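Chemist: Taken in order, these protein sequences are the chains called A and B. Position 73 (the first sequence) corresponds to 73 in the UniProt record's numbering; numbering is contiguous. Position 59 (the second sequence) corresponds to 59 in the UniProt record's numbering; numbering is contiguous.
Misleading hints may appear alongside valid ones.
It does not matter which identical chain is meant; a pair holds if it fits inside one copy or across any two.
[Stated by the list, open to error] Restricting the straight-line Cα-Cα distance to at most 20 Å, the calculated cross-link-like pairs of lysine to any residue (SDA-like) are:
| hint | residue 1 | residue 2 |
| --- | --- | --- |
| 1 | Lys49 | Ser27 |
| 2 | Lys49 | Arg25 |
| 3 | Lys49 | Val21 |
| 4 | Lys39 | Ala24 |
| 5 | Lys39 | Glu16 |
Hint data in this document are derived by calculation from the structure and do not stem from the laboratory. If you're wondering where the values come from, they're calculated on a predicted model, not measured in any experiment.
There are 2 protein chains.
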Amino acid sequence: MLRADVTEAIRAAVFEELAAVGFARMSIEGIARRAGVGKTAVYRRWKSKLSLVLDLLTAFAADGLPAPATGSLYGDVRALLEVAAHALRHPVASQVIPDLLVEAARHPEITDAVRGVLLDGQRGVVASVVRDAVARGELAEGADPDRALDLVVGPLYWRLVVVRDARLPEGYLDDLAAAAVAALRA
Amino acid sequence: MLRADVTEAIRAAVFEELAAVGFARMSIEGIARRAGVGKTAVYRRWKSKLSLVLDLLTAFAADGLPAPATGSLYGDVRALLEVAAHALRHPVASQVIPDLLVEAARHPEITDAVRGVLLDGQRGVVASVVRDAVARGELAEGADPDRALDLVVGPLYWRLVVVRDARLPEGYLDDLAAAAVAALRA
Numbered sequence: 001m002l003r004a005d006v007t008e009a010i011r012a013a014v015f016e017e018l019a020a021v022g023f024a025r026m027s028i029e030g031i032a033r034r035a036g037v038g039k040t041a042v043y044r045r046w047k048s049k050l051s052l053v054l055d056l057l058t059a060f061a062a063d064g065l066p067a068p069a070t071g072s073l074y075g076d077v078r079a080l081l082e083v084a085a086h087a088l089r090h091p092v093a094s095q096v097i098p099d100l101l102v103e104a105a106r107h108p109e110i111t112d113a114v115r116g117v118l119l120d121g122q123r124g125v126v127a128s129v130v131r132d133a134v135a136r137g138e139l140a141e142g143a144d145p146d147r148a149l150d151l152v153v154g155p156l157y158w159r160l161v162v163v164r165d166a167r168l169p170e171g172y173l174d175d176l177a178a179a180a181v182a183a184l185r186a
Numbered sequence: 001m002l003r004a005d006v007t008e009a010i011r012a013a014v015f016e017e018l019a020a021v022g023f024a025r026m027s028i029e030g031i032a033r034r035a036g037v038g039k040t041a042v043y044r045r046w047k048s049k050l051s052l053v054l055d056l057l058t059a060f061a062a063d064g065l066p067a068p069a070t071g072s073l074y075g076d077v078r079a080l081l082e083v084a085a086h087a088l089r090h091p092v093a094s095q096v097i098p099d100l101l102v103e104a105a106r107h108p109e110i111t112d113a114v115r116g117v118l119l120d121g122q123r124g125v126v127a128s129v130v131r132d133a134v135a136r137g138e139l140a141e142g143a144d145p146d147r148a149l150d151l152v153v154g155p156l157y158w159r160l161v162v163v164r165d166a167r168l169p170e171g172y173l174d175d176l177a178a179a180a181v182a183a184l185r186a
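Chain A on its own, in the form it takes in the complex (with noise of 0.2 Å):
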């Protein structure tokens, strides 16, 4: 294999690892083999089991947030909820991320490192779409990012991840994005 079919073969097989056994039990041994690689191939690249896992993340957090930019609030936050719906229905979202803040409860540098390449994406993407809605006089000056985030993103992440219903009702995302702007100027 070349050097790059080697990486990408180790990124799938870090992948498909998480979703079968978790981050708990998946071990280098597992992935090399996966992956059909050897255990040094792997050392070679990572040096650790998270930082294999925060490299997935980092390229599925990256993947998921283009900036919205449509010229107002309603768009923008309806936008948003597209992407993030898109995200949270990948299995890296319904498994992985769950899993990690399983073990981020045992060991607080998980936390950190997640928070760092999930939540910092989508709190830049959130705090450029409350700063054109100021912008515009749609949104009070001073208005809170992470506030925003919580209304807009934590309705869709407890129905998809929580509850789990895959299946959204019709018209569910553009409902939530009126209600998510109407909580937003309340």
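On the provided structure of chain A, position chain B as indicated by the hints.
Modeler: What follows is chain B alone, placed relative to chain A:
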């Protein structure tokens, strides 16, 4: 030990074992050892790991769910959020539930069981709040209790369990209640 004491010792051990090693690696042997009882004492009471954990969740879910009746939608939502904030800060919520969600992605029977134990109770409480608000004219006829649950609990779950921000800003729950009421009425 008396019979009831054995039962309580096992329950406490299940919780400690779940927090320490997680559902996947938890074993009846480990629980028995931690509780200071024989394996048969555990098997006499519960037939599997899953039934032990569901028993724990049932106690937790029942604990956390009085139905508020304050006379206003804002008051009821604020009361729900108070209870939810307390429950979501409990280690059962921050560790055990995400843990079970991870397992649920691999084993659908866990999804159904967790959904039954946790969500049915919450759905019932929120349905009662929505019904009262409709009767008072605060919400439109036909308001959907599942949507209400997403809008009320979702943002707080996101903040406390996903973002893992245990110290809520001053006045956060008051603000969230106002935002949720605006969202419900949108």
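Chemist: When no copy is named, should Lys49 and Arg25 be tagged within, between, both, or neither for a Cα gap of at most 20 Å?
Modeler: Intra 10 Å, inter 18 Å, cutoff 20 Å: intra and inter.
Chemist: Please sort Lys49 with Ser27 into within, between, both or neither, judging by C-alpha distance up to 20 Å.
Modeler: This pair counts as within: shortest intra-copy Cα distance 7 Å, inter-copy 24 Å.
Chemist: As a check of your reading, is Lys39 near Glu16 (CA-CA no more than 20 Å) within one copy, between copies, both or neither?
Modeler: within (17 Å within a copy, 34 Å between copies)
Chemist: Since the copies are identical, ignore which copy is meant and state whether Lys39 and Ala24 lie within 20 Å (CA to CA) inside a copy, between copies, both or neither.
Modeler: Within one copy, since 18 Å is at most 20 Å while 25 Å is not.
Chemist: If the cutoff is 20 Å on CA atoms, where do Lys49 and Val21 land: within, between, both or neither? Let me know, please.
Modeler: both (13 Å within a copy, 17 Å between copies)
Against the hints set out earlier in the document, no violation occurs for any number.
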